[in-house]
Amino acid sequence: MKIFKSIIITLVFLGLIWVDLPESVKTKYKIPSQINFNFYGLNVKKDFTTKLGLDLKGGSSLIFEANTAKVKKEDLNDSLNSARDVIERRINFFGVTEPQIQTIKTGDKYRLSVDLPGINNYEEAIKLIGQTAQLTFRELPDGKIATTTPIFVQLTKDTGLSGIHILKSTVEFNSQDGKPEVGLKFNKKGADLFAEITKRNIGKPVGIFLDNIPLTTPNVQTEILDGSAVITGNFTTDEAKKLTIAINSGALPLPIRLVEQKNIGATLGEVEVKKSIYAGTIGLIMVLLFMIIYYGRLGFIASLALIIYGLISLFIFKAIPLVLTLPGVAGFILSIGMAVDSNILIFERIKEEQRKGRGFDIAVRLGFGHAIDAIKDANITTLIVAFILFNPLNWEFLPQFGMVRGFALTLAIGVGTSLFTGVVITKRLIDIFYKNKITNNK
Amino acid sequence: MINFLKYRWLYFLISFIVISAGLSSIVKWGFRYSIDFTGGSNFEFQMNKVVEKSKIQKVLDLNKISVVSLKLQDKNMILRTKVLDQNKESSLKKDLEAKLKVKITVLRSETVGPILGREAINKTLVASVLAVIGILIYMSFAFKGFNFAFSAVLAMFHDLLVVVGTYSLLGHFFGAEVDTMFVTAVLTTMSFSVHDTIVIFDKIREYRDEQETLEIESASNQALTETMIRSLNNSMTIVFMLLALTTMGGSTIRFFIITLLIGTITGTYSSPFVATPILVWLEKHKQK
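Those sequence lines, one after another, are chains A and B.
FYI, this note's numbering numbers position 234 of the first sequence as 234, with every residue one higher than the one before it.
FYI, this note's numbering numbers position 151 of the second sequence as 593, with every residue one higher than the one before it.
FYI, nobody ran anything at the bench for these hints, they're computed from the structure.
It is possible that part of the hints are untrue.
In silico DSS-like links for lysine-lysine, alpha-carbon gap of 27 Å or less [claimed, not checked]: (1) B/517 x B/495; (2) A/109 x B/530; (3) B/497 x B/448; (4) B/513 x B/530; (5) A/57 x B/491; (6) A/57 x B/541.
These numbers were taken from a predicted model, which means no experiment stands behind them.
The shape of chain B in the complex, shown without the other chains (with noise of 0.2 Å):
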């Protein structure tokens, strides 16, 4: 058996730091936000030959578009405005062709209302507090206990802060834009969390049930040492999906798929690191 829990305070100091950097980063930078919050719209147009980008500016410029951000990568041009309604992007089209003497091929073109993204991340959020709450219910009614349910909670809150504050990160070195995509991700990181906690708290619950004498501290450390393996396995082989996808898979999914990663490694850390250690200080201040 491996005392686990000596450690707690440099597992406190790790989690700290990482939190702090990335609430820090959100302070300081924020986040870049998509148009799905925004509202305006976005350009993919692939043209049959390079254009200077001065060329480019120029033709936006005649047609008064208020343009966000412009970026050329080869042939192709990431246009980024505020709402632009249909007419005026055929009309936009047809001047760049025409003017640029290019042929304009269209990847992607969004436009989104600044109403809807707004709506859609309320509503989302309204659906993950009450995802929490079915969490605790049931948690309580299995576990037979409120402090479990509080601290498979409570660990998942810190693996949100990890990722929502690395993702400003993200933004603010690479470009990563909080989006629909994002939200997702942070979902899937929720469910993971609390699923990876559920296993070590089962292994508690089996400990005590077994001897009701045994120390909450002891029964945890037992567990910890019995679970790591696993832990450690199978959170590996989801890491290794998402790595293969990162390196390997498509580039509009590259920072939905980070996220995942960011999202699994916190997961799988802070269920021995951050749920357990809340769940033992919880259960001796519970015996007093």
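Isolated chain A, as found in the complex (with noise of 0.2 Å):
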């Protein structure tokens, strides 16, 4: 039983380490960073790399303020998530890896925070995305199709149709083959218009654009006088539905504005991360050195513990994933000193039972369970703060951005491990490396 348990012990270990190694030394070694396998048909997937925030990275951070004041209050909602599905498309167009679009409201203020990691040229950037998002409808200038070229690209005469004439657009499924399709439906002057386009198109293709990208360009079959139109095709339901959120977010132009930019360049924040991930290991062999020199053997137990915890963190970091920014990296700082705190309060405790006299194993009892008090009243406070901080119900008083937040959520896990490993895996520790010595003494 003991065995099987070191053994368990052991993997868990070893897949720690394999999980926290960085993506660099991959290369060198060979390990994979990435699983992917199956496990009983279920499909296990799960890419382990270290995020990094903006500040560490380089990048760019945008705040737009939406101008509300043309919206109706019931399409509010509906209008911001539009904005930012179209931010969204158009980065991805863009070809950003990972950004993050956040709508935050501030009192009457609705705002867009737009995260672009890695990305260099942001003027252009900022340019792109400020745009008001435009659907336009568009035939073919003479009426002829040449069938060189492709036919979007001979779609250039405007028909004066656009998203300001969509009252929304829906998935459909088609009656007979159950296909799925996009279906549009017009307002008055909308459907006018759309009429008079259907009339003098029968037969031809009508492009209908997004932002000047060709969404579909289907052709016409009749003359539709019911303001209402189904883009059919071969779409999936995902496809259908994407398409829809599209239209709408062109139909529903929301303008914006920038009001905050932040860019950092690649080569300050590579700088930054590579110095202070130098001093951070100088600095955390300094903090082992010293648990060894001052506690001696069960200092070596307690760095043992700290080199546990960092590996579990590190662990959960990757897993969630959690983007590690500078902040991040202050409120990992503190919870390793909180770490280390424990583990100096067990030890402290257990010497105080030693000098009364008491034998080592039950001083060691002893220690754990007065130390333990202290250690959860601590921590536990710690963990009101930053749970506060990290405001997890999304509160409009209180801090809805990444530095603070970013802060909070490193800590709260560094004090939750710690809590774990401090505690539970010291008193493994001590009972395996002590388990001779107290045998042999009492």
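Take each chain as given, in its own frame, and dock them per the hints.
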């Protein structure tokens, strides 16, 4: 039973090291940083990479304020969400990996925060995002189709029908073959325009463009008078849904204005990270040496517990995955301090019991018992603080932005983990390392 | 057992000197606020050769840029201006490149509207007040008495004053700016301060539980004697980390780390030498 337990612990430990290894090491020793396997038909896929925030990796952070004056109150949330989708689509078009887009409400102000990691030509990005989404309908300029070039290139004539004429777009299913379609509903003026357009284009293509990107170029089959249209095509339900979102977002333009932008060059961030990691490692080694020199064997155990603590925290950071920023690093450093503190507390208590003349094994047990109260109270207070700063319910009157939240989250994870390693793991390790001593002495 | 509390006036004097130095600096020199608070634009441009400051200044004047400060470090130019919009920024960059015949790489470019920073600070303040209330409630329950919680929070305010005051000095002499990172450092100090105090209070609570007749003063002295080594050792480990980061870490986080360092030191100091004397005083007056 004991051996079985040790094997599991060793395996878990090795697993942690494997996941925590920096990506740069991977290429050297050929250790994959991804899990992707089938387990009884269950596909497990997880990408364990360290995600660095903008301040560390470089990139742009933009905050836009929405002009909601022209939008009806009940449509506000919809239009904000569509605006977000539009921005997301535009950014994806721009080729940014892992952009983060959030809507933030403060008082009666609505803002969109857009984080673009690793992007350097931010000027272009700002221009791209700042446009108002425009849906347009286009037809052939002279009514003739050339067979050599793709249809959407030939559709250059603007019909005057655009996103402002669309009431809404929905996903529908064909009554005959059950295939998903995209339905469009025009307003009065749109319906009239659309009737004219379809009348003069029967048998010819009409293109629907979003921000000059062709969405679809269906052929007109009949004149449509009732102000509704259906776009058929070989859509999957998902594609149809995306298309309706795109069209709806084009139909609900919401002017946005840039109020804040921060751009950190990639080189600056990189240098900072390298220096800080280097310094952090040296600091950590000093801490470990100090513990070993001062507490001897117990210090060695604490160092082991601390290393395990580091491995578990890193694992959680990578598994969530948490975006590591400078304040996040501060929270982590603080939690390392608190993790060491748990150990020191326990050891001082053990020493105290020993001074009272108790044998080692009893001293360990009593020491642990006494230290728990202090550790528990101290860490719970810290967790309360972290909880309020993190603002998990996204209350308006509390911080809703990255900096403070990043700090609170790493602090909370760190303190939570340290409660576990500082108490459970240290105890385990003492049991293992002192087993002989206890039986020999007593 | 060492009679730590005998020297309480000395502790009071030390705290008084440090805090009043900081406060007078705040009154006299105030703070240097970053654009997070004032609004404005920050640029750090890297040029491919060294350019004279006067030449840069000339181009800036020609472009009618309201410059707050302009610093040159080797080939790097650190420019702070009033809020500069995107178009103006690009045209300025182009103009600089053309007139100075350099190639500019943008290392950093930040523009913050003035409202946002203030909003962020207000929200952080609300959060801090709530956190303090949370601490008061939890500690009152855990220690079965409001005095423990109250003393811990007072010591926390002591640390807050120390950190904020010293930062004003750092700002005046070394150019440290109050930004969101500073706010984070203050929050860290606050959590650490209470964390550290609780450990000592836990010891006092234990002695009093063991012997109900024990005077608060001797219980506290006993507790301080027992916990002094752990307080020092614990802070030592954090100080090691922070010292390494201050001396070898990146330059953008330097003031942040220094603030954390000051916070750790005052947080450690205040637990035995501020929180405990206050607790003893409160408990004594309660008994009368």
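Need the status of pair residue 57 of chain A, residue 491 of chain B: alpha-carbon distance at most 27 Å?
26 Å, holds
Compare the distance between the alpha carbons of residue 109 of chain A and residue 530 of chain B with 27 Å, and conclude whether the hinted pair is satisfied.
Answer holds: residue 109 of chain A to residue 530 of chain B is near 26 Å, not above 27 Å.
Residue 513 of chain B paired with residue 530 of chain B [C-alpha distance capped at 27 Å]
20 Å, holds
Agreement of residue 517 of chain B and residue 495 of chain B with the hint, judged by alpha carbon distance not exceeding 27 Å:
Holds, at roughly 11 Å.
Restraint check for residue 497 of chain B with residue 448 of chain B, where alpha carbons must lie at most 27 Å apart
Judged against 27 Å, a Cα distance of about 64 Å means the pair is violated.
Sort out whether residue 541 of chain B lies within 27 Å of residue 57 of chain A, counting only the CA atoms.
Measuring from Cα to Cα gives roughly 32 Å; hence the hint is violated.
The structure is inconsistent with the numbered hints 3 and 6, although it conforms to all the rest.
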